[in-house]
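Enquirer: These are the residues of each chain, in order.
There are 2 protein chains.
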Amino acid sequence: MSSNPAGDDEIRDPIREAHRLWEAHGWLEAANGMAMVTSIVRVHQLLLERVDAVLKPYDLTFARYEVLRLLAFASNGRVSMTRMGSLLQVHPTSVTSAVARLERQELVERLRRTTDRRVVLASITDHGREVVEAATVRLNEEVFEQPGLAPAEVLTATRLMTDLRAAAGD
Amino acid sequence: MSSNPAGDDEIRDPIREAHRLWEAHGWLEAANGMAMVTSIVRVHQLLLERVDAVLKPYDLTFARYEVLRLLAFASNGRVSMTRMGSLLQVHPTSVTSAVARLERQELVERLRRTTDRRVVLASITDHGREVVEAATVRLNEEVFEQPGLAPAEVLTATRLMTDLRAAAGD
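Residue numbers (our numbering), protein chains in the order written: chain A, 1 to 170; chain B, 1 to 170.
I should point out that these hints are in silico values taken from the structure, not numbers from a laboratory.
Values in this document were obtained by computation on a predicted structure and should not be read as measured data.
Among the clues, some could well be false.
Pairs count within a copy or across copies, as identical chains cannot be separated in the list.
Unchecked claim - Listed below are the simulated SDA-like cross-link pairs for lysine to any residue, each with C-alpha atoms no more than 25 Å apart in a straight line:
hint, residue 1, residue 2
1, 56, 153
2, 56, 109
3, 56, 146
4, 56, 45
5, 56, 134
6, 56, 123
7, 56, 41
8, 56, 27
9, 56, 114
10, 56, 104
11, 56, 91
For reference, chain A alone in the conformation it holds in the complex (with noise of 0.2 Å):
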């Protein structure tokens, strides 16, 4: 990814530099705070880029695969609107685009309840399943079998990401 072609005044690593700075300025408290917050953001970018660069054949971002994977597991392939969001934890306009996008592509349906015509269910369509298989078998070969770290490390970062949540209210 980026290398850093900076010259001879290059800097290694920007988030350990950052840090320094942060400690020569008396921010000591916060130094290694900010040095994790910083390094969960890259990671974030640099494992969106690699999860990506899988799911761009399929003509899907991660946002779009999440609800189509959620999709694919649920009973009858339909699930609520307003359920999806809860699920998948992101704002209700977002499942309605992602699902809006995805109806685009011939990946998901829109159903509404003829008992209660409140009610909006996206649902896969075949085609989708066909996409989501293929795309989660791309995406378990080329990153979530090699996420980076040693296994037992991977259960580290997890434990770590599952407390970090927990502090945020998740």
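Place chain B on chain A using the hints.
Expert: Showing chain B alone in chain A's frame:
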């Protein structure tokens, strides 16, 4: 944040549930990596919500804050656009759009070297310095000094994220 108001079929932890389904589908080698990647994506979202809430009164995003912070650290408050991209590990077009917005906010100005007119420098204004120092105090107090993990775990999480960055070529 999302309190998951899904009723009596509420799923307590969507990521744990996804991990269970991954294993149930026989994707055993990928389940832990999937949980780690998805957890990092979620933590990134939660941390950025906290950071954005602090920066909103300053009309800054984290990306624009990082540009301002870098310029305030730099000698004479100036960095070339090219070098800024490599230090912030972002695409040149992202730097250009962030700096253009900061210039409209009168927090940054763009200068051209008279000796080499191809080199464009971003330079922080006095007002930019005031804003970034105030924003840094608030970010330190409200996010970086209480990142959501105990001090030793902050270091462990940072080390794991550093290893993940290295594995991805950082």
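Enquirer: Hint by hint, say whether it matches the structure.
Expert: Structure-based check of each hint:
1. 56 - 153: Cα proximity of residue 56 and residue 153: none, with 29 Å in one copy and 35 Å across.
2. 56 - 109: The answer is within: 21 Å in one copy meets 25 Å, while 37 Å across copies does not.
3. 56 - 146: Close inside one copy (19 Å), not across copies (37 Å); limit 25 Å.
4. 56 - 45: Answer is both; intra-copy 16 Å and inter-copy 22 Å each pass.
5. 56 - 134: within (12 Å within a copy, 41 Å between copies)
6. 56 - 123: within (22 Å within a copy, 37 Å between copies)
7. 56 - 41: Answer is both; intra-copy 22 Å and inter-copy 18 Å each pass.
8. 56 - 27: between (42 Å within a copy, 22 Å between copies)
9. 56 - 114: Classified as neither: same-chain Cα gap 36 Å, cross-chain 43 Å, threshold 25 Å.
10. 56 - 104: within (17 Å within a copy, 35 Å between copies)
11. 56 - 91: both (24 Å within a copy, 19 Å between copies)
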